[in-house]
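Protein chains in written order, with the numbering used here: chain A, 1 to 261; chain B, 1001 to 1422.
Treat the hints as calculated values from the structure; they're not laboratory data.
Bear in mind that the values here come from a model prediction, so they are computed numbers and not experimental data.
No false leads were slipped in.
Example chain B residues on the side facing chain A (calculated, C-beta under 10 Å, incomplete): (1) L1024; (2) D1026; (3) H1084; (4) R1131.
Pairs of lysine-lysine residues, derived as DSSO-like cross-links and limited to a Cα-Cα distance of at most 30 Å, are as follows: (5) B:K1155 with A:K24; (6) B:K1155 with B:K1136; (7) A:K28 with B:K1155; (8) B:K1136 with A:K28; (9) A:K251 with B:K1090; (10) B:K1090 with A:K2; (11) A:K251 with B:K1087; (12) A:K2 with A:K251; (13) B:K1090 with A:K3; (14) B:K1200 with B:K1136; (15) B:K1136 with B:K1194; (16) B:K1286 with B:K1393; (17) A:K3 with B:K1087; (18) A:K175 with B:K1087; (19) A:K175 with B:K1155; (20) A:K175 with A:K251.
Ideal Cβ positions, reconstructed from N, Cα and C, are used throughout, including at glycine.
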Amino acid sequence: MKKELQELCDYRELLYMMIYRDIKVRYKQSVIGFLWAILMPTLIVLAGVVVRFGFALTAGKHLEMSEIASVAVKSVPWAFLVSSIRFSCSSLTGNVGLVTKIYFPKEIFPLGAILANFFDLCVASMALAVLLFVLRIGWSLELLWIPVLLLILVLLATGIGMMVSAGSLFFRDVKYIVDVILTFGIFFTPVFYDTGMFGDKGKWLLLNPVAPILEGFTACIVQHRGPDLHWLAYSVAFAVVAVLSGYVFFKHLEPAFAESI
Amino acid sequence: MSDIVLRMEHVYKMFRKGEVFNSLRDLIPALTGKMFRRQELSETDKREFWALHDISFEVRRGEAFGIIGHNGAGKSTALKILSHIMKPTKGRIVVDGRLSALIEVTAGFHQDLTGRENIFLYGTIMGMRRREIASKLDDIIAFSGLEDFIDTPVKRYSSGMYARLGFSVAAHVQPDVMIVDEVLSVGDYVFQRKCVERMKEEIRRGAAVVFVSHNLKDIAAFCSSCLLLEKGRTVISGPTHEVISGYLKRFRTNGAGHLDNSPVTISKVTVRNEDGECLRFRSGDKAWIDIELRAHSPCRKLSVNLYITSNSNESVFDTSTERLGYGNFSLEAGDVYRCTFELTLNLANGIFHPSILVYRYDTQTAYDRWEPAAAVCVSSETDVRGSAHCFPKVIQREIQAASETGFALETGCALATQSDRN
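All chains should be built: construct the whole structure from the sequences, respecting the hints.
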């Protein structure tokens, strides 16, 4: 495994170029590129606001600014997770020529797809920062948690991305299964709602490893407190296991890629 | 550091023929089905197919190695294993240094990026550093001849421009081992020459080249040794001329005009120089072609025709014993007839194929035909191409100084070469 990581390191320039390629192609018309980066998060936020408004109506309360902020803060990372998994899923099957013709470490494809989406996340975050400023959320030192949470999220996306990219190369319908899971995953993940709304039963929802990360974002950005460290540790463990097993799985199947595509 | 940069040791590659499940929807029913029908498992073994069977060779620094064979002989599989895209089922490959494969030079391009951006993208795919590419960028662009279009997205390129850009990048990787698969067929003639020169330069620099082609001319021009594959097995391996004549021998006996049940058959054709059987000749050399026929039943009024075709299958020379004035001959059952043609090979650079036909003129019957019966690889010190070598000389050349005429004028041909020696 050390040898393989060394090789990946030797090809890091190719990884930069792949990320550059994806970003460049997407942002060629800069306005459309920017819209693309914020389109999905915006839609998710709007959907969340509608859902939250419904909740507030049934409870006979007013919709608070912090609730909108909380939905927005969770939607942007969720949008990143969904699109990075979706893009890495088709990253190998969409580059048949390169997979079957030229040798280099193939994990560059899913990694490139995820990191190019991370760039989109950064663009969307700027829009989000403006929104939070307008909503007068304020800031605190707890914001220092953001890089940590992002790192966990990227690790998780990488692990899942490597598995689905290799899987979809061998079985074409993996793509559809992944699509269905990603579409409905939002209902099992606290994006529109908070696990706190479920009282004690809320912790069952935190078993979804994405949940503690998203809750962590709300905690440190909107509520100005640290994330729940126990549950976050659970997410970290899950992400690390996902990355390791995803990498091993990917590397194990890699020699068969060219024959099976 | 050892001189051998690439070594293939007893490489085997197996594929499974038949159905491959590429969706879970097909796989799951098949697996559950298999649980009830255990015996089906043994049937899969019959579908095994060995694309490569015990292939070994080694290539040294500064050497070009050719792989020839018919379609489906395993050439592409061998290349994919060499370039690490596939793993061999058994055996080992050792590569010492950077390897670059010119298998499909345009695979790495992205339609929406400009030529310049694609040079960087494809360069990094080939394992170069960005700094390295930046330093060679001007050379690459100049080599491709696409200076005017380099900032245009490649989707607007013609397919020839596309391939030229790809090859230009690949040609500047400076690998230790270079794998070339038919890429010389891209681009126009001028660009092809440029590519050939570039590859020769790489070989001189010390790169090892593995070259795959059906084009015997290219193989003969480049490679000092080669390997003939047939159905995944090594048929012959060794010096190029031996392998090429072996290839032609197999090709011939496997059909191509060889008639069974004919009353008279050709039993032997050899091309030789003063010293014996030979493949390589220089323009103007004498060559002798020995022909042996065997009669199985009585035959009348025979003659032996000899014709030579160029690599592009044009007939460049045609004669026969009868037309040379030796009359026809008749054979009884069991007779053996031998004759030798003496030729002066006034041919230009290239590969030519002598073919032999046993013919009866009055009834217009062809009894047996070996086409091609052999190959001759002709080389010439003078840079002449085509079929015939006319031993050109430039007998007058002068430059009138501009001061005298107001124009710079050059008479005579730029082809003033060493031809004076002839």
